[in-house]
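Here the protein sequences line up with chains X and B, keeping their order. For what it's worth, numbering that gives the first Met the number 0 labels the leading residue of the first sequence as 0, then goes sequentially. For what it's worth, numbering that gives the first Met the number 0 labels the leading residue of the second sequence as 0, then goes sequentially.
Be aware that a few hints might be false.
Quick list of in silico lysine-lysine cross-link-like pairs, DSSO-like style, CA-CA up to 27 Å [said to hold, decoys possible]:
id, chain 1, residue 1, chain 2, residue 2
1, B, K286, B, K237
2, X, K140, X, K207
3, B, K108, X, K217
4, X, K207, X, K217
5, B, K285, B, K237
6, X, K303, B, K108
7, X, K258, X, K140
8, X, K207, X, K181
9, X, K303, X, K181
10, B, K285, X, K207
11, B, K192, B, K106
12, X, K207, X, K110
13, X, K140, B, K108
14, X, K140, B, K286
15, X, K181, B, K108
16, B, K237, X, K207
17, X, K116, X, K181
18, X, K181, X, K217
19, X, K207, B, K240
To be clear, the hints were calculated from the coordinates, so they are not data collected in a lab.
Chain by chain, the residues:
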Amino acid sequence: MSARVHPALLFGIVAILFAITGFAQSWNVSLTILNMALISAIMALGVNLQWGYAGLFNIGIMGFVALGGLAAVLMAMPPVEEARAAGGARLLLGLVCGAATIVAAILIWQKMTPGRKRALVLVAVLILGFALFRYVLDPAKAAVEAVNPASEGYLGGLGLPIILSWPVGGLLAAGAAWLIGKTALGLRSDYLAIATLGIAEIIIAVLKNEDWLARGVKNVIGMPRPVPYEVDLQASSAFVERAAMFGADPATASSITVKLAYAGLFTLVLLILIWLAQKALNSPWGRMMRAIRDNEVAAEAMGKDVTGRHLQIFILGSAICGIAGAMMTTLDGQLTPGSYQPLRFTFLIWVMVIVGGSGNNFGAVLGGFLIWWLWVMVEPIGHFLVGGFASLLPTGSWLAGHLTEAAAHMRLLTMGIILLLVLRFSPRGLIPER
Amino acid sequence: MDALNALVALSNFVIVPAIAYGAQLALGALGVTLIYGILRFSNFAHGDTMAFGTAITILGTWGLQAAGISLGPLPTALLALPLGIAVTAGLVLLIDRGIYRFYRRQKAKPVILVIVSMGVMFVMNGLVRFIIGVDDIGFTDGERFLISAREFRDMTGLREGLAIRTTQVITVVTAALCVAALFWFLNRTRTGKSMRAFSDNEDLALLSGISPERVVAVAWVIAAALATTAGVLYGLDKSFKAFTYFQLLLPIFAAAIVGGLGSPLGAIAGGFLIAFAEVLVTYPLKKVLTYLAPEGWGPDGLVQLLSTDYKFAVSFGILIVVLLFRPTGLFKGQSV
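Generate coordinates for the entire structure from the input sequences, incorporating the hints supplied.
This is the structure:
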């Protein structure tokens, strides 16, 4: 691919795709896809920061996204006073015990002279610490989870506006990234990949099992929203009048208005983040990052702190994924730990970045829009194509039935083929790095 | 007597399942470590290769069952296994020709190959869902138990029973045969020796006239055979579900890295280490401790260190500890 398509044209094509969905199916569907595409674009921006700028291979995006979702619950849900009274303080104490054990273990490792004595003390501290942790935590956990388990059974949140959870989600993800980066960033790229993959699974396991935190697989539903509710809009006469002016019925108009409001908020966040990312990319800092990516040894010889910079950008990229995660939970209005799957939340984002163009922020954003649209639309398109093909076959034939069923699984296959084709024929993506 | 009961309970719930699981992980990790040794990248599509091989084997099993062919007390799937291996090996070779070879010629960085293997993972995952769907499929037939818990109790007069399932025995026997064959191949045959030479020092191997394409092709075939066998054994022991196989990637990689990437012996040790740790930490030890502790001193709680869903955390914790303190793995792999 020597002749490059102008980026604006590519964005135009994606806009046309969304418009086609709007006309052919409904604007409601198109906006639903658009909202998620905006969030995906933000995630892709975060991954691009890590991979495109610094060459860090992070496949634990799902974990950071889920932490963002957790932030949304912890910030926005009303507090459950009864549960807090039942075991809140003890729970906190238990967590402090756990953290103290780990800190003590690290201190012992660093301060004591190496030898058998250190190993023994270390093991003793770890075992005692774990026992103490469980001893303090378990009863408190049981007490909290026993409070009205059908609808609560957790500590609840702070009851603050949910928009505040977006930056907090970023902070939470950044904190986790700091911990992970401190331990795993010195490792080679493959090892970092496995490490992040594992941590993401652990974060999901914690969210699924620790009911006191965010109700686990019982899900937190009905979260507050930053935008008006459809029913309120339909009840307001001013809104109904205005909808009538456009010739729309109130139900459709209200749901489109709500989606547009979300889209506006998300676009704002996306624009701010793109602006910041572009500023960073074109600053001396961005040039240093690329220098480190292209030749670590040379950069280190020039006196650049490679590990330190890597840690920095790992935290920044993960924080962006955390923000996107909090936004996604806000959009869904619920946190469902069971729905976090690595293929969807980690590897798909990678497809977005690679297809869009790693190292180029606009490329990553374009990839986010395009791939998310495809991800959603492959299934209807597949059904359409298979339907056309199956109508040629005798009715009720085994193959026709199997094909119709299999069309639902076309997504992963398509994504894989797209990724492989792009890697093979246009490895720098649709909008390559400049 | 109580000590014996405790031992039997421990064997029944921890040792026997962990040995079977460890053998499955070891076979999977051997495939990963082999590809790493020869092609020098971590193959993320390995879990889905296992799933693909198992899916084909299941189709073969259904065909045999429909034709009324069975192995008597043994599962029919063992008869269909060669078919699964052949088809998987064919597919994997095709993928290598069509996809990986291009990057090999380019001398692409390993991380690019890892990303390519992510694409292959997507495609294979899609293929498996296309072929066999996403449901849980049990395809074990034949005798269920070698010794059931009741038979054991009647035989020994102990309070605790020890059940040994046929699939567990088959797993261990097959895995042992596979490993023996692999080591014989690597250490005794000309091709095997050339593979080890290639893995050790690529340039030197090329200079001595070893054909790289041949070595790579053999490595893929062996990896496919190991993956299919591991997948079928896991499926016989538990059940087949495409998504579970994808998730197996984590313990398998943990096993391969803990043992030292590129070291076959390490992969086996790593597999068993991970399996024992996972089962032991997530099994409630109350019963065992109650037998061992003096009268009335038994524990009140379940003494389950972590809930079962944290088994990933266990393999991962071991992985991190090993990586931090011994980055080349227990058996000195080639990773830096």
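> Any hints this thing doesn't respect? Which numbers, in order?
Replying inline: 3, 7, 12, 13, 18
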